[in-house]
Each structure stands twice: as structure tokens, then as C-alpha cells.
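*Asks:* Could you build all of it, start to finish, from the sequences and the hints given here?
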Amino acid sequence: MADFAALAANAKKAPNVKNAVLLLKHMRAHKVRRSDLVVTYGGIALRNAKRLGDDAWAVYEQTLLAALDVDDQPLAKTCGDALLARFEPKDGGTPSARVERLKGLVAEARGDWDGALAKYAGLLEANAANAAALKREICALKGKGAAPAAVAEALNGYVVKFQSDQSAWQALGELYAANLRFADAIFCYEELTLFDPLAQHYHRRLGELYYSLAAANAKDAEPRYRNARKYFAKSLELRKAANARAATGLLLACSALKVLVRGDKVDADDELNAALGSVAAAHLKAAYAKAPAELQAANAAVLDAHAPPYARLLPAKDADPQ
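Numbering (the UniProt record's numbering), first residue to last: 1 to 322.
Treat the hints with care, since some could be wrong.
To be verified - Computed cross-link-like contacts, EDC-like style, restricted to lysine to aspartate or glutamate with a CA-CA straight-line distance of at most 16 Å:
| id | residue 1 | residue 2 |
| --- | --- | --- |
| 1 | K25 | D55 |
| 2 | K18 | D54 |
| 3 | K142 | E174 |
| 4 | K31 | D3 |
| 5 | K230 | E190 |
I should point out that these hints are in silico values taken from the structure, not numbers from a laboratory.
Computed from a prediction, not measured in an experiment: that's the story for all the values here.
*Replies:* This is the structure in C-alpha cells:
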């Protein structure tokens, strides 16, 4: 990002059309999202739009999107009017899909969710595989406050058409998790691990989802806690430093297996379970060694409640009758 920093510094030092255009072009090419800068330097560039040639339309679109981000309605209207005057079809011609999408975005910014959905529906009628329109339709449904089932249906429709979109799978997984559909959320995150097996946060999230699923239904808790333990351990293996969240999950999963599920029952897995619990406890001790006193105390309480040896955590047996 050194080039971006240099271009931004030049534009700030000498805010002229040339420096503004160079910065905006770099931001478009490298997908840098700094709407505050785009609004500032887009406004400078567009005050002399005739000097930009055909690049003016890219700057108008870029500045329109940034203006919607920062809720600069006057600037958004100026850019939108210019784009419509240039690209709106005359005499009933076919409307530009790009301009129709921009109209939908403007409607979203106004809170006109039905208007935005109508625009996206028109785009999808013309091209059912319009990825941008499908994504915006999902966003508009969420903005409108549609039922989670409706949003999930739209997201499912999207991933059916674009199965390699990781962000869509993650959004769908989180939607399911928020509505306690843990098994469906697990399916989404297992798909994500196929895309990127080394992404530790996918494994950690799978551990959390399996743990939640086990806690929600004691009937099949053991295999789910074991899966939670497996994914937490994998996350910790992939990222050993600054991964207290996975370490905490691993500790809790090991504790749940022994204390909540097995109790005094001896299992062939007990030795491995205790070893993994000890690894998690060691990570947490190291992670909180230099933390403020109140965080160290909270971590010590977690370790006291869940760390091996588990014998001290099991319910005390009643004394044998004499």
C-alpha cells in the first residue's frame, strides 16, 4: 500500500485534478475502500469533469458509491443525475444493467427497500445469473427486515449459482447460527474448510458450532463434543499464537466430554482428552500471563473450573454406608 499512501499524501499536499485522478484510479484498480477520500477527491476531480474525458464516468460512479457510503446525498444526486443523463436509454431502449443497479443502491440508501428490490428483480429477470443483483437483493431483504427464512432462501439461491463464493457461504452459515440452526451452519462452514483448509478461523468456528449443537441436545452430545474438540485443536495447531479463543473452546470441549458426558465412566479416549485439555490450559496461561490483573483473575477462574485433572471437577461420591 506504499503507492496508495504516497498518492494520498500528494493529493493532500496539492489537491488538484491531476493528483485526485491518480489517487482515484489507483483506488479503483486496487479496490481500496476509503469512501471519505473518494468523496473529497472525487468532488475535486468532477468540478473539472470535462478534463477527464471518458474517465469521468468511472469517477462519477466511484464517487456516487462513496457518497452513498458516507450519506452525502447532494453529491450522490449530482453523480447520479450525470450518469443518468449519459446512460439512460432514449426512446424506450434497453436500460443499462449497471445503471439499474446503481438506481437500486440509491433506493437502498433512501431506505426504499421495495424500490430497490424491484430494480434487482428486473435485472434478474433479464439475467438470472447477475451476481451483483443477487447480492444486492439479499442485502435489501436484510435491510427491509425480512424473515430470516426469506434471507436464507435468497442466500441459498445465490450459492447454488455461485458455489465458490466463500463470503456467501460464511454469511449463510452465520445466518443459520444466529437462528440456532447449528447443523445447517456446520454444513456451510465445512464447505468453507474445503475452500481453504488452512484457515484457522473456519476450524475454530466449526468447533464453536459443534459445541453449541452438543449443548443444545444432550442425547447426541458426545460425538459433537468430540468434533468440537477436533476443530478447536486444529485451529490451535494452525495458529498457536494469539489464539485464546480456540484454546478456550478446546478447554471447554475437553471438560464437557469428561465432566458432563462421561463422569466416572472410564473411556479409552480419556488420556487423549486430558492431554488436549492440558495443552489448552497451557496456551491460556501463556496468553494471559501479561494481561491486566482482572483478566488474569477471570482466566484463572476458567482454568479452575475446567482444566485437568478432571477428578477434582467430578461430583463427589456419597460416602459408603458403614
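*Asks:* Each hint: holds or not?
*Replies:* Taking the hints in turn, this is what the structure says about them:
For the hint pairing K25 with D55, the CA-to-CA distance comes to about 9 Å; that is within 16 Å, so the pair holds. Restraint check for K18 and D54: the C-alpha separation of about 15 Å stays at or below 16 Å, so the hint holds. Pair hint K142 plus E174 holds up; C-alpha atoms about 13 Å apart against a cutoff of 16 Å. With a C-alpha separation of about 13 Å, the suggested pair K31 and D3 falls inside the 16 Å cut-off, and the hint holds.
For the hint linking K230 to E190, the alpha-carbon distance of about 13 Å falls within 16 Å, and the restraint holds.
Figure legend: structure checked against the earlier numbered hints; every hint is met.
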